[in-house]
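The lines below spell out each chain.
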Amino acid sequence: MNDLTQPEQFLPLTEASYFILLSLAHGPAHGYGILKSVQNLSEGRITLSAGTLYGALKRLLEDDWIERLESDEGAGGRERKFYRLTGLGGSILSAETRRLQALVRAAARLPGALTA
Amino acid sequence: MNVLPWISRWYRRLIRLYPPSFQADFGDELAWVFDQATEEAAHQGNSGLLRLCLHELSDLPWNILNQLWRNREVNAMLEKFLIGGKRIVFYIVTLITALIFLPPIFGARIGRGWRLIALLVGWFVFTTLAWQARKLPIKVWFYTGLVVLAGLFWPTSFLIESNFVFQDWLPQPYLGILDVVIFLLPILALIIAAYLIYAAMKMIREQQNKQAVQGEVASTRAGRGGWTLTYILTLSILLLVKFYHNLSGLIMWDNTYDPIEFLWLFLPILIAILCGIILLLNLPGKSKLAGLLFLLLVPAMMFIVYVPAVNIDPHQVTTERAERLSYAIENYYQREGKYPQTLSQLVPRDRLFIPVPMIINGQSWCYDAGLDYYRLGYVDRCHWSSPNFFGTVFKSVGDVSGLPAVCDAVVTAHNQQFSRDDFIGCK
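First to last, the protein sequences are chains A and B. Residue numbers for the first sequence follow our numbering, beginning at 1 and rising by one. Residue numbers for the second sequence follow our numbering, beginning at 1001 and rising by one.
Rather than coming from a laboratory, the hints here were simulated on the basis of the structure. Glycine included, C-beta positions come from ideal geometry on N, C-alpha and C. Among the clues, some could well be false.
Short derived list, chain A residues pointing at chain B, Cβ under 10 Å [as the list claims (entries may be wrong)]:
hint: 1; residue: 32
hint: 2; residue: 36
hint: 3; residue: 45
hint: 4; residue: 67
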């Protein structure tokens, strides 16, 4: 059973996991939506392949960080499945964001760290 | 020519390489997302399409292997045999090390057939328990560690040969059990030290994460955690230091009777490797280094301790100890104006404890004293294999004429039972 009060135990996240969770922060999204969102949020630095995306989604589902919603019918009559953050996933995302902010704050205190 | 349907068809074929459960859960979605991506890439021309396909193909082998590794059915099957995930690596390495180290420990006793099978099954059960034991709460390891540390202060000189004339204070089978306890306690200390290091590394990691997330509030709380960490690491170091001290003692005492020499190292080295592998596989990130250091340094230190211990001369050690004791006796005489009637009178003012001679396990000094004389000696033999004993006087002060020979009663009792005139060797 995952301990909701201790999201720090799951940190640090991989970049891909962080961006996937981040792309779901504003609401549910389907696989292709997540793929594009990760690309946009990372300013094109991270382009997930479909295989990598679904490998990560499967792991996040198994860990209860995200959940899969009922399907809807997309273009061409194909089923699209949506994913959204769970409570645990949300608190992990917040914890990781705070951790990264703390790192940036620490670097900002040393001017050389940003110009080196 | 529109290549998109052709690419889509090939991608669906490749999806079949994923495990069935993954295909059932995500196969259609995967194909849909890929189709969407190819359609978009096609707008950028053939180069965009080619780039996308190459990207997907380059990731595919790793993704498929990853899913096969994480596959529920395969893992469930492996879990049944307790060899899931990292444990496969663990069992392979420990089995190889066991095959190298266990035969010399048990030698001809293993033989073949059921004994060998029993040994391997026993080792498998032990390693499984060791693997799972890391999950025990830190309090369990800490308090067990304290008990074991206290137990390690049991004098190594009590590791004794059964049925020996000096050991009639404790009957069989307790002597055998005592031997085993004295031998196994240092090994238990080694295991507990490893798990304390494991717990400490995990605590450090969690504290670092908490501090990064919660900032200064966490660092105040970390003060308390810091003390816990200090206790844990201190106990771990004390256990390791006492382990080496006892190992050295065991090897030295072993020299006094039919020594097995370097065989003492096999089981502790095997256990150290086992613990090192557990740390290495389970500690996160850079803290794996602690596992690697444990794996390399703990066995290396055993050799460093072993070399001087195995070369020590028990007669020389006994003489040095007798020298210190005699100095304490004379101090007592200077202060009290008489010699102590028993050596225990020297404790604690002149000596914190009375060292024992190191010729025969379980023996003590032969000491008798009057107001103005004393004799200090010990039962001696020229070699551990000799059945013939004699008394050696280390120091005699005052008029001792007319007294029986030193250690007379013990030597006579033993020689009546065991002495052999036809013994070939030193006399």
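Do the hints match the structure? See the list:
This hint holds: residue 32 of chain A has a C-beta 4 Å from the nearest C-beta of chain B, less than the 10 Å allowed. Satisfaction of the interface hint for residue 36 of chain A is found here, the shortest Cβ-Cβ separation to chain B being roughly 9 Å, below the 10 Å cut-off. Against a cut-off of 10 Å between C-beta atoms, the interface hint on residue 45 of chain A is violated, since the closest Cβ of chain B lies about 14 Å away. Restraint check, residue 67 of chain A versus chain B: the minimum CB separation of about 14 Å is more than 10 Å; hint violated.
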